[in-house]
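Asks: One letter stands for each residue in the lines below.
4 protein chains.
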Amino acid sequence: MFDFSLDKPHEECGVFGIYAPNQEVARLTYYGLYALQHRGQESAGIAVSDGRAIEVHKGMGLVSEVFSNHIIKNLHGKMAIGHVRYSTTGSSLLANAQPLVVHYQKGMMALAHNGNLTNATELREELGLNGAVFQTTTDSEVIINLITRYRRESLEDALVKTMMDLRGAYAVVILAEDKLFGLRDPHGVRPLCIGKKGERYCLASESCALDTVGAEFVRDLEPGEIVVIDENGLHSRPGLRKNRSSSCAFEYIYFARPDSTIDQINVSESRLKMGIELAHECPIDADLVIAVPDSGTASALGYATTLGLPFGEGLIKNRYVGRTFIQPTQEMREVGVRLKLNANASVLKDKRIVMIDDSIVRGTTSSKLVAMVRKAGAKEVHFLISSPPVAYPCYYGIDTAEREKLIANRLDMEGIRKFVGADSLHYISEEGLLRALGTENVCLACFNGSYPIPVSDLNRGKNSCG
Amino acid sequence: MFDFSLDKPHEECGVFGIYAPNQEVARLTYYGLYALQHRGQESAGIAVSDGRAIEVHKGMGLVSEVFSNHIIKNLHGKMAIGHVRYSTTGSSLLANAQPLVVHYQKGMMALAHNGNLTNATELREELGLNGAVFQTTTDSEVIINLITRYRRESLEDALVKTMMDLRGAYAVVILAEDKLFGLRDPHGVRPLCIGKKGERYCLASESCALDTVGAEFVRDLEPGEIVVIDENGLHSRPGLRKNRSSSCAFEYIYFARPDSTIDQINVSESRLKMGIELAHECPIDADLVIAVPDSGTASALGYATTLGLPFGEGLIKNRYVGRTFIQPTQEMREVGVRLKLNANASVLKDKRIVMIDDSIVRGTTSSKLVAMVRKAGAKEVHFLISSPPVAYPCYYGIDTAEREKLIANRLDMEGIRKFVGADSLHYISEEGLLRALGTENVCLACFNGSYPIPVSDLNRGKNSCG
Amino acid sequence: MFDFSLDKPHEECGVFGIYAPNQEVARLTYYGLYALQHRGQESAGIAVSDGRAIEVHKGMGLVSEVFSNHIIKNLHGKMAIGHVRYSTTGSSLLANAQPLVVHYQKGMMALAHNGNLTNATELREELGLNGAVFQTTTDSEVIINLITRYRRESLEDALVKTMMDLRGAYAVVILAEDKLFGLRDPHGVRPLCIGKKGERYCLASESCALDTVGAEFVRDLEPGEIVVIDENGLHSRPGLRKNRSSSCAFEYIYFARPDSTIDQINVSESRLKMGIELAHECPIDADLVIAVPDSGTASALGYATTLGLPFGEGLIKNRYVGRTFIQPTQEMREVGVRLKLNANASVLKDKRIVMIDDSIVRGTTSSKLVAMVRKAGAKEVHFLISSPPVAYPCYYGIDTAEREKLIANRLDMEGIRKFVGADSLHYISEEGLLRALGTENVCLACFNGSYPIPVSDLNRGKNSCG
Amino acid sequence: MFDFSLDKPHEECGVFGIYAPNQEVARLTYYGLYALQHRGQESAGIAVSDGRAIEVHKGMGLVSEVFSNHIIKNLHGKMAIGHVRYSTTGSSLLANAQPLVVHYQKGMMALAHNGNLTNATELREELGLNGAVFQTTTDSEVIINLITRYRRESLEDALVKTMMDLRGAYAVVILAEDKLFGLRDPHGVRPLCIGKKGERYCLASESCALDTVGAEFVRDLEPGEIVVIDENGLHSRPGLRKNRSSSCAFEYIYFARPDSTIDQINVSESRLKMGIELAHECPIDADLVIAVPDSGTASALGYATTLGLPFGEGLIKNRYVGRTFIQPTQEMREVGVRLKLNANASVLKDKRIVMIDDSIVRGTTSSKLVAMVRKAGAKEVHFLISSPPVAYPCYYGIDTAEREKLIANRLDMEGIRKFVGADSLHYISEEGLLRALGTENVCLACFNGSYPIPVSDLNRGKNSCG
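If you read the protein sequences in the order shown, they are chains A, B, C and D.
Position in the first sequence (from 1) plus 2 gives the number in the working numbering.
Position in the second sequence (from 1) plus 2 gives the number in the working numbering.
Position in the third sequence (from 1) plus 2 gives the number in the working numbering.
Position in the fourth sequence (from 1) plus 2 gives the number in the working numbering.
It cannot be assumed that every hint is accurate.
Repeated chains share a single entry, so a pair holds when one copy, or any two copies, can fit it.
To be verified - Subject to a maximum C-alpha distance of 20 Å in a straight line, what follows is the list of computed SDA-like cross-link-like pairs (lysine to any residue):
#1 K181 x D52
#2 K199 x A347
#3 K351 x E283
#4 K342 x N24
#5 K319 x P295
#6 K319 x G216
#7 K75 x L95
#8 K377 x R153
#9 K407 x Y394
#10 K464 x R437
#11 K108 x S156
#12 K198 x G451
#13 K198 x G379
#14 K108 x L460
#15 K351 x E224
These are calculated hints, taken from the structure and not from any lab test.
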């Protein structure tokens, strides 16, 4: 299998939830997940509840592959949650698909999670000492076991106590006791927002899913907040004291859909502003600005407009790149990048080019792109990146790469420039990024190693979404 | 979907286990399950252990559908267990597939189970009160949670204590702590036997699986026995005091493969003897003896030989009857039975026929078969059954039907005869059956309602294998 | 892939046709093919016609795999034909699936064929010289091109002229011009019979398919006959002068279903009589007669009854042997035969055994079976075969093996006995076989090389059904 | 199934061919087709030839779904051709997949075709009168039957004579007699170009496929030209007298990949120029220019740059829109367009918007997009189209819609504006389009009804690619 995501961090998970008696909640969740598909392509699942019994269907693949009309029609309920997941290979893949559904002393519960706990190993050990058995390697199973540990409390109180046990990044949706719950960690690393469709409420990782199901955006969950959605509407339960908010910067840089707005920042606009900042930081006398599509496009437009330079489609993306593909043999390895992206020689020939991408992880793809642009006739290639150098791993739910493989950790700026083969190389500064985002309340740990949430050594090897 | 098993009790589950470092344990387990396929066609699974980590692959369908060579090759280990399962429909089918694999405080454990607990509901409640969460509706998950409840004991002691908690029928294989364990309930309702392949040992629901993998039959597990198989060979741990043995009579009558020998009784021979007993109990002046294939064949041969009557292939079975099939529409409902069995008019025409079947559950198929034989030209049809009337449900792992649907519970003998349309009808007597089996140590509860193991009211609705 | 058919000739093809306006002809054809599944498991297809337009669905696999209820429901028409096919591997498999449907000058035509033309190569060349292009390697395409060559004639006349061109074995069903046609070659090698369902008629390779769809058997087609079925019922068009009939003996010995009656001979009865003949030819003082199931069973019963010997289930067949299976590795090659057949030691131990099989082709499986029976404790194994030695290849639609691989061609009787390891070996004589069949009008070419229909050298390498 | 192509003409077919002994021609063809996937997503096929025997694999679905590494590895040869196809639904879909492979008098031949013959019906009739039978409804089968009609000529001469018979649009690749042939119709409606990889040559519908396999662009085939590629390299055989070239304008407007260059015109650049022309024809005082992605993007950039207006990502496309999708129920019909495209309110709010799309066919989608942009807060929506009004059907291989459904045929400009709900509406003029393309040698029949190639009445209902 050929990795088409090339050299990018991997999207992790997306969640959706809706409480809407007398509506087709499974179908709405299906459309919601469809809009969140970019957050995870490996497995998908939907659980529905009639207030007591919970049914679930999950499978490997895209939302459109896992669900058929027949399956959706047979998932009846008054409320539903759904999940899309990126995960690594292994025989237990399906077992780890979400939502996770359990029977416990008070009935049934379903839970779906985006993020990564940084004390999961310790919590597993502690629960194991008390007799818990685990059938998956997901954080979701840890969270559920914690909730049932507090089964003598009311469910809301149990959720608060559970959040006091948890450390890390999490955006969680839960079906239990005739209610839909949403939880967001006290740093608000992973996004979760509230929508309103008619008189009913829903929850989603990104606002684009609200648009898709025809719901109005209400607001993001506060860091540390618990929301409860039921027959009486929505109410908020102050969960944990809100820390300084640390929204993941990479959601804006690369992950989230351009039409989503997260914590008051529109993704497309933030990318445009990153391009403007790059123009201020590094104005280049070039003939044409091009983007590495799709995530680099807005930044490239911002850069070009600011400097009055023309923007052109210098790199074209094959829209049919799928998840399965026959790996090129060694002799055809050159084919690799070209299957996804092709240089448009007519546009590039004899020009001095500014090429804008959102990030460099290992650098291998970048060097091929620069070479491809040169081969297509570009006289100069100036490579601008709309994120600072990625030099530290993420422990909050994003799969970058091991630290040793990050090019920014291995080489200095001149070394990277030589490696990718550009005439010049510029990364946006942290200050420029913060200006583009218009806030300092973001997590920049993968750039500067300043982790807002502690990570125990035991958990450093682990970073599985869900 | 058209139910091709017609009017028969449903096979439930089969288990297999092997400890054989340096051999292909997954492949051997695959072949073992293949030989046990008749015990369950809905799902199959194999778990392998290298002594610490356990990997599992399971899926819906036949063994040959669930596993490919590629999958088998990638299941490495020194020991393995496998499971085939019959189960009812529902969206959570795959979740209930076995073996069940868990992480617990002491490491990993895999477990597969044939049988049915009669106090599972109480045990689930008790465990739930202590915080256990259940992701399946299987007894296996109950058993695993009990074992981990005794995690402060040695594993062998924990198994003994667990068996003290369990009530019902169970034959269990477990991978844990570098050992393969086998457990059989104190009444020995469900079969489990030991084989030896070279210097290594294996466990199987039926001896035919030992033949298939090239292992020698050693012996059956004693009721209440625990066997431990590891680097040092096999040793027996007296588990619970052995009750009076109560092997399931239906294993001999219908379920087990003819070439299996269970608790010293060869299945094919026992069926032949049932036919001999029927000949003594009910000799009929007929022209031809025929069987409802395949399970009625040995009895019919015994009957014919005893009375010096010719045996003929009066009913022919379609060997390609599969699990999926397009349901005949109402107008073609008549087609139903004929797709599986066809009367051979050349053989039947103008003859007085004795037709032998192993059992009648609801009676609907029997009446169609009698009519089919008549339509093919038989002058008389005498219907003999090699089991006593099935009048009570089984709670020990066999899916017969609800009591109200059992024809022997609804009608008297003459009523049944009229319903099926036979000229005469005879069921083997309990005494005849016991004579044929050569022992009184069998469970006849489904015939006489005398349940050797108590069944609490809470569990009467439940009878799921595994 | 492991070849589960072991060492048997391969079944070839089966055809079915029905004319029944206002009935579900596709569904009836589906059930008819289901009953003929033993004649071909590699591909299946159904074509329906409303009298003008023809629709077809075909695919690789069993009838139950190729068709869903949805597909059957969408095949509307007043008449239909269907086909099941055994064929060899290759990338063009599906292209060769039948029925073949074409547009020609007069409209559409669909055709399905069982048998093998012995002058196909010459006909292809001749047609090619006139500009014909071929998209498959089937005889069906040759036949269709011949029919259209005579397009200036009426269709019935064209069929007669086509039959004058054809040499070989063929049983053909055709949909064209609002009619269903059936053709049988002048030697009647391959079977084809007529059924009546209410006022409507159908055609089938074997009578068991008529039973399955609820049709009455009317009669077999005469060798050389053409039947035309339409709104006016059925009429016969004398096609070619009937040669001496040469029904394929192997249909009775091994291929056909026991409940079928072909050319007035019931298959099951003929097998019983083969056993009786074997008893006369070779009475053995043994303790038990066993069969190699399933095709050897009737012969073994005939043998045992005649000599007053007990019959027992000494070899048990795994009923779940499917088409796909993981090949045993070299070390486990011993597993091979045991996956399909297992010796029942309880029945065989310390006995002198007569084992009856229908045929020996290469002899490899036979030697394993004898060894297996011995290992299970048999004191003596006498091996009786209900067919004469297979020493010549079939060119009329049956895939035996190349001549050099036929054991009867390589070794003398004593050599074969030693090879298979039996204490004694006896094949039924040709005379005995003819007595059992009660006719001399059968083709025995594979036994004695006396080919009733000439085979040109160009066609000796070719023997593809359909 | 939900039609995600919304209201666009349907892409038709793409072809690829390569002659390269000792290279993996099937794999290279696979990559070539991958780059041409946008030209047809319904079926894909590859045929390989070793100079004599031809093997083919084809199937329904995307290139990545039809082929596995295993299949590609087993397609050996010195040359190959491939095809991707868009086609309508029906049970005979697979039969129509290409390449078509035949045996004819001189050996084997494989052929793949993009375009549509306008005298196919007449040619079929004529061939049928001479006894030809057709198994598909494709033009390819007609072309092959014509070629074999001239089998007494050399193959090159037969191709010339065949081209004299053909009327319509066609780009054809053929494997026969150890050679790879390419044919382009005398008007050059459909594209076909030549590439060179090392010393070997290949053919492709678009130059982007040459880039992908690492071949250099050599030139486009001349209208009416035949090229022959073999061991001796490439030579051109003047086929038919070249007519005035009439390249399909829609290739530039919508179909072709932006990085392709067809008949000296780069697609991306031509779209940019269409935007510039639109700016001259219809300058609007707006706040933001947005595109309907992806094909409208280049035009929008050209428009914005020319007028000094900002360009923004106002409509965002879901990148995971697949071929299969659960159709929204009636109540959720509103969801339809939003699943594919979402308006980005942050970007659009309170702005006067110019929205640029490539074409309007029925107008239904356009009205939803305008409404969506308004609902997202746009104060004004001016809708500009980079093609003239589509008022006539295409008979040369593009599936637009029946004439009565074309909105430009039903309403006048003001009527269309009202229907789509825009504040103003402007289509590019024919003159503007020709200026943007820089040539008059294009087919504009769908805009002005001036068909360069005659279409007989019999063929007006037919327009199937391949």
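Asks: Go through the numbered hints given earlier and state which of them the structure violates, listing their numbers in rising order.
Replies: 3, 4, 8, 10, 12 and 15
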